[in-house]
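A.B. asks: Below are the chains, spelled out letter by letter.
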Amino acid sequence: MTLTTKLLGSKTLAALTAPHGVDRYLEMFNPMWAATEVRARVVDIRRENPEATGSAPVATLTLQPTSTWRGHRAGQYVQVGVDIPGTARRFTRCFSISSAASLPGERITLTIRANDEGQVSKFLVSEAKVGQMLHLSQADGDFTLHESAATPTNNHLVMISGGSGITPVMAQIRTLLRDGYDGRANRKITFLHFARSEADQIFADELAQIAEADNHIDVHLRYGDQTFSEFELRRLVPDFRNTDTWACGPGGLIDLVRDAYGEENPRLRVEFFKPPTIAAGNAEGEVSFTRAGETAENTGATLLEQAEALGLKPEFGCRMGICFSCVKTKTDGTVRNVLTGEESSLPDEEVRICVSAPVGSCSVDL
Amino acid sequence: MPCSTFRRPGRLAVAALSVSKILENMEIGHNVMHGQYDWMGDPKLNSRIYDWDNVCPGEQWKYSHNYIHHTFTNILGKDRDIGYGILRMDEDQKWHPYYLGNPVYAFLLMIFFEWGVAMHDLEVENIVKGTRKMEENAQLHRGIMAKVKRQALKDYLLFPALTGPLFPLTFAGNAAANLVRNVWAFNIIFCGHFPAGVATFTEEECENESRGHWYYRQLLGSANITGGKLLHLMSGNLSHQIEHHLFPDIPARRYPELAVEVKQMCEKYGIEYNTGTLGKQLFSVAKKIVRLSLPNGKPKTSPDATASTADETAAA
Numbered sequence: 001m002t003l004t005t006k007l008l009g010s011k012t013l014a015a016l017t018a019p020h021g022v023d024r025y026l027e028m029f030n031p032m033w034a035a036t037e038v039r040a041r042v043v044d045i046r047r048e049n050p051e052a053t054g055s056a057p058v059a060t061l062t063l064q065p066t067s068t069w070r071g072h073r074a075g076q077y078v079q080v081g082v083d084i085p086g087t088a089r090r091f092t093r094c095f096s097i098s099s100a101a102s103l104p105g106e107r108i109t110l111t112i113r114a115n116d117e118g119q120v121s122k123f124l125v126s127e128a129k130v131g132q133m134l135h136l137s138q139a140d141g142d143f144t145l146h147e148s149a150a151t152p153t154n155n156h157l158v159m160i161s162g163g164s165g166i167t168p169v170m171a172q173i174r175t176l177l178r179d180g181y182d183g184r185a186n187r188k189i190t191f192l193h194f195a196r197s198e199a200d201q202i203f204a205d206e207l208a209q210i211a212e213a214d215n216h217i218d219v220h221l222r223y224g225d226q227t228f229s230e231f232e233l234r235r236l237v238p239d240f241r242n243t244d245t246w247a248c249g250p251g252g253l254i255d256l257v258r259d260a261y262g263e264e265n266p267r268l269r270v271e272f273f274k275p276p277t278i279a280a281g282n283a284e285g286e287v288s289f290t291r292a293g294e295t296a297e298n299t300g301a302t303l304l305e306q307a308e309a310l311g312l313k314p315e316f317g318c319r320m321g322i323c324f325s326c327v328k329t330k331t332d333g334t335v336r337n338v339l340t341g342e343e344s345s346l347p348d349e350e351v352r353i354c355v356s357a358p359v360g361s362c363s364v365d366l
Numbered sequence: 001m002p003c004s005t006f007r008r009p010g011r012l013a014v015a016a017l018s019v020s021k022i023l024e025n026m027e028i029g030h031n032v033m034h035g036q037y038d039w040m041g042d043p044k045l046n047s048r049i050y051d052w053d054n055v056c057p058g059e060q061w062k063y064s065h066n067y068i069h070h071t072f073t074n075i076l077g078k079d080r081d082i083g084y085g086i087l088r089m090d091e092d093q094k095w096h097p098y099y100l101g102n103p104v105y106a107f108l109l110m111i112f113f114e115w116g117v118a119m120h121d122l123e124v125e126n127i128v129k130g131t132r133k134m135e136e137n138a139q140l141h142r143g144i145m146a147k148v149k150r151q152a153l154k155d156y157l158l159f160p161a162l163t164g165p166l167f168p169l170t171f172a173g174n175a176a177a178n179l180v181r182n183v184w185a186f187n188i189i190f191c192g193h194f195p196a197g198v199a200t201f202t203e204e205e206c207e208n209e210s211r212g213h214w215y216y217r218q219l220l221g222s223a224n225i226t227g228g229k230l231l232h233l234m235s236g237n238l239s240h241q242i243e244h245h246l247f248p249d250i251p252a253r254r255y256p257e258l259a260v261e262v263k264q265m266c267e268k269y270g271i272e273y274n275t276g277t278l279g280k281q282l283f284s285v286a287k288k289i290v291r292l293s294l295p296n297g298k299p300k301t302s303p304d305a306t307a308s309t310a311d312e313t314a315a316a
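Keeping their order, the protein sequence lines are chains F and W.
Each residue of the first sequence is one higher than the one before, counting from 1 in the working numbering.
Each residue of the second sequence is one higher than the one before, counting from 1 in the working numbering.
Check the hints yourself; a few may be wrong.
Calculated Cβ distances over 10 Å to all of chain W for the following chain F residues [claimed, not checked]:
1. G81
2. T92
3. N215
4. G360
Selected chain F positions facing chain W (in silico; Cβ < 7 Å) [stated by the list, open to error]:
5. A14
6. P19
7. I84
8. P85
9. R89
10. R90
11. C94
12. P314
13. I322
14. C323
15. F324
16. S325
Because the hints were derived from the structure by calculation, they are not lab data.
All C-beta atoms in this analysis are idealised placements derived from N, C-alpha and C, irrespective of residue type, glycine included.
Could you build all of it, start to finish, from the sequences and the hints given here?
C.D. replies: The following block contains the structure:
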């Protein structure tokens with residue numbers, strides 16, 4: 001710990017800057033100075049699939065985080081907050097880190113596909129410039145390897161990815177190779193990836209190098225209509241059900257993989273992206289209060305009323321949308337503001353449950 | 001070198017600090033903690049995270065202000081902002097010889113306003129009356145003390161200490177800025193609810209209240225201050241108290257735009273839109289504070305009136 005970080009984290013400085021905190025003042029001088037918050041400067045942007053026709057553009061952003069960055073393990077993700085110009089609004093989304101495991105303060109890369117509906121991914125890929133500041137969270141997620149140069153095992157590993165699900169898997173492979181994983185390790189990795197087309201394949205050159213090098217990593221790339229099949233996997237890895245496997249990709253791919261491995265197979269670890277749920281009707285679907293573990297049919301009443309009907313006792317005040325006592329995070333689904341009629345489907349959105357009614361299925365962190 | 005050398009820049013510093021504390025308290029703190037800027041997704045402007053630079057813990061203020069005061073605005077016995085449990089601000093509050101001191105209490109509340117706001121939640125008057133137990137305050141008390149310690153440490157110890165030999169001057173400067181902010185905030189807030197013509201309501205009147213009646217009560221229960229852009233900014237746009245009470249979750253800087261339509265609506269339906277210059281509203285509030293220190297002259301003329309416009313009655 002340097003003297004500066006010690007000083008910035010000191011109680012005296014915190015007392016002097018109360019109640020707003022040290023970071024509120026530091027950022028006025030230099031956005032890269034922070035005592036507790038994490039921010040990052042974009043230092044490089046590289047287009048990954050310039051030839052792509054079928055799918056959206058993908059770019060790799062290299063980020064220099066503030067010294068507060070605690071590092072990450074391969075396979076983890078980070079929340080990225082972007083102040084999108086013209087909206088005065090900060091949008092926060094999760095992205096997998098595509099670079100090898102990092103130490104505190106080290107640079108990381110995010111490889112992002114510009115989704116059509118995704119304001120954040122579109123902005124980051126197409127409009128962000130070198131020098132742009134982003135807000136970050138610390139890295140999070142359990143889709144991580146227990147394998148490393150320091151803790152090697154003799155296990156055969158399987159990596160399965162689809163589309164941009166390749167990013168956390170790539171971080172894992174890159175980490176192993178960087179940390180000295182080679183042909184003499186005598187541990188095999190079978191890497192199976194599905195992309196829309198050859199032109200859409202990101203990291204193509206690097207994957208070709210990995211495939212050629214003497215490292216016991218077999219790379220199998222599948223394009224177009226080829227989908228995951230248990231039969232093919234069995235041909236590549238006969239005992240796949242008893243082999244540690246990491247799978248990341250769209251929900252459809254993960255469903256197929258899960259079927260192949262069998263229910264609750266502890267050898268299979270998955271991470272998948274959910275397509276955004278769009279309003280399905282007025283009072284259909286199910287409402288889940290995830291913290292309480294309660295789920296019931298959506299009655300169309302406000303979230304507060306539905307929670308109370310289930311016997312939950314969420315905090316509330318005015319019950320008319322003015323006091324903000326009842327704000328909770330809606331993790332999934334669409335809600336309608338009963339006062340304005342406005343519908344919103346943003347993930348991880350804070351809503352006043354007293355004036356928000358679910359439209360279709362909806363999950364709330366309550 | 002005598003201290004007098006520092007006096008002129010000292011005065012400027014106190015003025016600047018006062019302005020900054022007023023803006024932080026009114027335009028930023030009050031409005032951010034109302035949730036007006038939650039939509040921005042910026043944690044530093046989020047109502048659940050922000051805490052303001054005064055001795056009242058934001059967490060407690062949000063309960064007593066955002067919920068209690070904004071939901072039960074001007075309902076006697078429910079809205080504790082009427083007189084803050086200290087003053088007699090409505091003729092329907094029963095007179096007691098204690099209220100002879102009304103102007104003195106109001107003056108003291110103005111001087112120590114942030115402390116008054118911090119103590120507001122403790123409902124000391126209800127403890128005196130015996131309707132509230134001391135134990136109920138234990139947690140609140142802890143929260144207040146923690147915040148008070150932090151604020152006092154910063155304003156009255158650490159910053160003065162940073163200026164070395166100027167310790168007493170910095171101490172006095174900080175105290176002065178807090179005082180200026182107290183006086184200003186008290187006056188703006190009292191002009192928002194207590195000038196002549198502002199209505200109060202009984203609990204019975206508001207039983208099973210419709211949403212429409214709620215808006216009507218907010219209109220009749222608040223008052224505006226007319227003035228320039230600077231006045232609106234320095235009052236955190238609470239010079240548009242009426243619009244604020246109708247739409248407490250809309251960013252306050254939008255109130256001047258809303259006011260045009262609200263006023264038209266009031267004219268159309270013949271509802272009083274209570275507004276006036278700062279001078280007029282201040283005088284009206286002061287007059288009420290003094291007059292209500294004495295018992296009411298005569299009983300209300302119309303016992304079934306929904307709103308008490310006490311001033312007219314008393315003036316008669």
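A.B. asks: Please write out, lowest number first, the hints stated earlier that are contradicted by the structure.
C.D. replies: Violated hints: 1, 2, 5, 7, 8, 11 and 12; rest satisfied.
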